[in-house]
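> Put chain R on the given structure of chain C with help from the hints.
Take a look at the letters that make up each chain.
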Amino acid sequence: MSSQEQFDHMDDMVQRLLDDQLSPEEHQELPSLLANDDAARRQYIRLMHQQLTLSRLIGQSATDCGEHAESQHESLASSLPTAIHWRKHPGRFVAVAAVLTVFFLSAFFALVWPWPEEKEIAQGPAEKITPTVAQLVRVVDAEWEGVAPNPGEALKEGRQLKLKSGLAQIRFSDGASVILEGPAVFTAATANSGRLVRGSLVASCETERARGFTIATPHGRVEDIGTRFAVDVREDGAAEFFVLSGLVVVTSTGGGDEQDPPRMQLSKGQAASVPAGGGRIASQGNVDLQRLAEYRERIERISKPSNKPESTTGNMGIRMSASAPTTDVAICQVSADGGTPFRYQRPAGQDRNPRDAGQSFLVHSAGLVLDTITVRIDTLTDNSFDSQAVKLEIFTLADGADFDPDRSVAIENGILPDDMKAAVDAGKSYITFDITDVTLNPRQQYGFLLTHKSEQTANLLLAAKTNSPYKDGIGIMREQRGAAGDNYQEATVWTGASAPGDLEFYLQGHTSSD
Amino acid sequence: MSDQSQVNEFLRIHARHEARLHGFILSLLPNWSDAEEVLQETATILWSKYDSFKPGTSYFAWACQIARFEVSRYLRRQHRSRMIFNENVLDMIAQSSESMDDELFARQQALADCVEKLSDKDRRLVVLRYHEGLKAEGIARQIGRSVHAVYKAMKRIRRLLFDCVSGTLAREGFAE
Numbered sequence: 001m002s003s004q005e006q007f008d009h010m011d012d013m014v015q016r017l018l019d020d021q022l023s024p025e026e027h028q029e030l031p032s033l034l035a036n037d038d039a040a041r042r043q044y045i046r047l048m049h050q051q052l053t054l055s056r057l058i059g060q061s062a063t064d065c066g067e068h069a070e071s072q073h074e075s076l077a078s079s080l081p082t083a084i085h086w087r088k089h090p091g092r093f094v095a096v097a098a099v100l101t102v103f104f105l106s107a108f109f110a111l112v113w114p115w116p117e118e119k120e121i122a123q124g125p126a127e128k129i130t131p132t133v134a135q136l137v138r139v140v141d142a143e144w145e146g147v148a149p150n151p152g153e154a155l156k157e158g159r160q161l162k163l164k165s166g167l168a169q170i171r172f173s174d175g176a177s178v179i180l181e182g183p184a185v186f187t188a189a190t191a192n193s194g195r196l197v198r199g200s201l202v203a204s205c206e207t208e209r210a211r212g213f214t215i216a217t218p219h220g221r222v223e224d225i226g227t228r229f230a231v232d233v234r235e236d237g238a239a240e241f242f243v244l245s246g247l248v249v250v251t252s253t254g255g256g257d258e259q260d261p262p263r264m265q266l267s268k269g270q271a272a273s274v275p276a277g278g279g280r281i282a283s284q285g286n287v288d289l290q291r292l293a294e295y296r297e298r299i300e301r302i303s304k305p306s307n308k309p310e311s312t313t314g315n316m317g318i319r320m321s322a323s324a325p326t327t328d329v330a331i332c333q334v335s336a337d338g339g340t341p342f343r344y345q346r347p348a349g350q351d352r353n354p355r356d357a358g359q360s361f362l363v364h365s366a367g368l369v370l371d372t373i374t375v376r377i378d379t380l381t382d383n384s385f386d387s388q389a390v391k392l393e394i395f396t397l398a399d400g401a402d403f404d405p406d407r408s409v410a411i412e413n414g415i416l417p418d419d420m421k422a423a424v425d426a427g428k429s430y431i432t433f434d435i436t437d438v439t440l441n442p443r444q445q446y447g448f449l450l451t452h453k454s455e456q457t458a459n460l461l462l463a464a465k466t467n468s469p470y471k472d473g474i475g476i477m478r479e480q481r482g483a484a485g486d487n488y489q490e491a492t493v494w495t496g497a498s499a500p501g502d503l504e505f506y507l508q509g510h511t512s513s514d
Numbered sequence: 001m002s003d004q005s006q007v008n009e010f011l012r013i014h015a016r017h018e019a020r021l022h023g024f025i026l027s028l029l030p031n032w033s034d035a036e037e038v039l040q041e042t043a044t045i046l047w048s049k050y051d052s053f054k055p056g057t058s059y060f061a062w063a064c065q066i067a068r069f070e071v072s073r074y075l076r077r078q079h080r081s082r083m084i085f086n087e088n089v090l091d092m093i094a095q096s097s098e099s100m101d102d103e104l105f106a107r108q109q110a111l112a113d114c115v116e117k118l119s120d121k122d123r124r125l126v127v128l129r130y131h132e133g134l135k136a137e138g139i140a141r142q143i144g145r146s147v148h149a150v151y152k153a154m155k156r157i158r159r160l161l162f163d164c165v166s167g168t169l170a171r172e173g174f175a176e
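Order-wise, the sequence lines are chains C and R.
Note that the numbering used here gives residue 394 to position 394 of the first sequence, counting from 1, and the numbers run on in steps of one.
Note that the numbering used here gives residue 56 to position 56 of the second sequence, counting from 1, and the numbers run on in steps of one.
Chain C extracted, bound-state conformation:
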């Protein structure tokens, strides 16, 4: 084989391997090749590292580095940011490698400050792509300067919001959420960072994806390590930082010492400030209770059910209950399997890093009319699904190994309960979707898909189609958001990664008279 052919052969296998598309022959060939051929093994390792480095490099570079190409050589490769972050797991805390301040990055941050309003990604000037990095989720009594953004509106990278008064909640694509109180000037900088020029915000970064969420202020920034924190920025640029829970790192920027700027770690209850102009970080001791109460009140005010997004409509009945349906259950799966639900990778070239579990269902009996679909929710890690709009779609599949929906047989819209999280917490973990009679054909394979409508891409998927052994069951498709740029929600929100075997689905229906 020529070197080109050798490259191609191993590259093909690496790509298909990562896409879970290896042929049975390759499944045999690759391990023995790696075991017996030292050169092939080294080539394999190089190619894997290249894939990984590219994904980390590009994921970071386009947003963090803008056009500072001259600084990229050093900073990109070596500052691939890393950190420790504390993640709440059922019953335990886990430290997680995450985005964090690295030596080079601090120097580097000073370089790019202030961020340009709109940054160019490395590409021709004529075709600028501005990615969506966040979404305006809810507002309470919000008055805006200029054109008012609508709840549900996608916020592009670099979008600046000027909130005159009231509250606005912004959710970043990487999962962090910010409640802004007017008057405030705030920029959605990247999928995992924002810039507060003036005003006050409370940030919640409790999902795994949101680790390393950063809020920059004119002269200092705060980086979360899995937490809730608040930032107040005064007119003159001086900033105060408060930690409501978890741990953050505050860095003073623009104070002259770019190599090793002043930094301070704050844990729960602690506060610190950076003066106008930057410089020394002053510890403020503990957050006073009055302030804590204010922040809590803000969070509660915006979380109230009356503030559901105005732009959504839906009429599909959705209800929560504490027990599974027992009557008219036509098809169900109560997994006693105990193993990992089947997963499949998307076909080659599609979004990297999906973690999917999916199943379809096969209809045996003739004349089945579907009335409801019930899904058991394992865990809901936060209340971000409360009052959100969803779409339920039922579609046909060629067979149990088919991935692509052929034809929709039903599409229904609805709004998730206002108190969904509270209901789940209270033990009402079954969510039932009423659907207008849908007649299903016998011996036809179907799948269903639940899509969280308010995001810019379909990102909340329940039950899809599969090539798994569970051909007769109905199941869940869960997706986990990959590295920067992917638009998939955390899988654990719906199914609980810790107990992936516990999938429960119920289809209730009746038999049509004809």
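No lab work stands behind these hints: they were computed from the structure.
Built from N, CA and C at the ideal position, the CB exists for glycine as well.
Any given hint could turn out to be false.
Stated by the list, open to error - Pairwise CB distance ranges (calculated):
(1) G144(R) x Q284(C): 53 to 59 Å
(2) T130(C) x E172(R): 36 to 42 Å
(3) D425(C) x E172(R): 54 to 60 Å
Quick look at chain R alone, frame taken from chain C:
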């Protein structure tokens, strides 16, 4: 928990090695999200065992050994279908990776430069793929070409980058 300076020290040293460690795990566990999960678990262990790390020895080698163990532990917890390589192959990949530490670090450094050298058109594809996270279909739509053409172009770019990195290393006197 330990004092802050130790946290900082750990974070700093771990940051320097994390990308290669991530690559190491991905080569043992060739699935993006599995690898990320194990990376996180490994980081937890590394931090909890950081007291036992001997300064002056190779952090990468130390981390790889722990990661190697975590990969096995992860595989045992998962469905058998996740298992692509047997323990013997995993060991061989791990040994080779550790011995390639310097080379992999150099490759990582060189790749940033090589991405910079791509034509605007190619770099745009790379950004769409890796930054925007677009699928081949999405990229094809975005740039108005066929999906097949996108696959082909991505392959060409991977090859170009690989050769560019190898060239840089050869100039720097690395023997592959």
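> With reference to the structure, classify each hint as holding or not holding.
Evaluation of the provided hints:
no.	hint	result
1	G144(R) x Q284(C): 53 to 59 Å	holds (55 Å)
2	T130(C) x E172(R): 36 to 42 Å	holds (37 Å)
3	D425(C) x E172(R): 54 to 60 Å	holds (57 Å)
Checked against the numbered hints given earlier, this structure breaks none of them.
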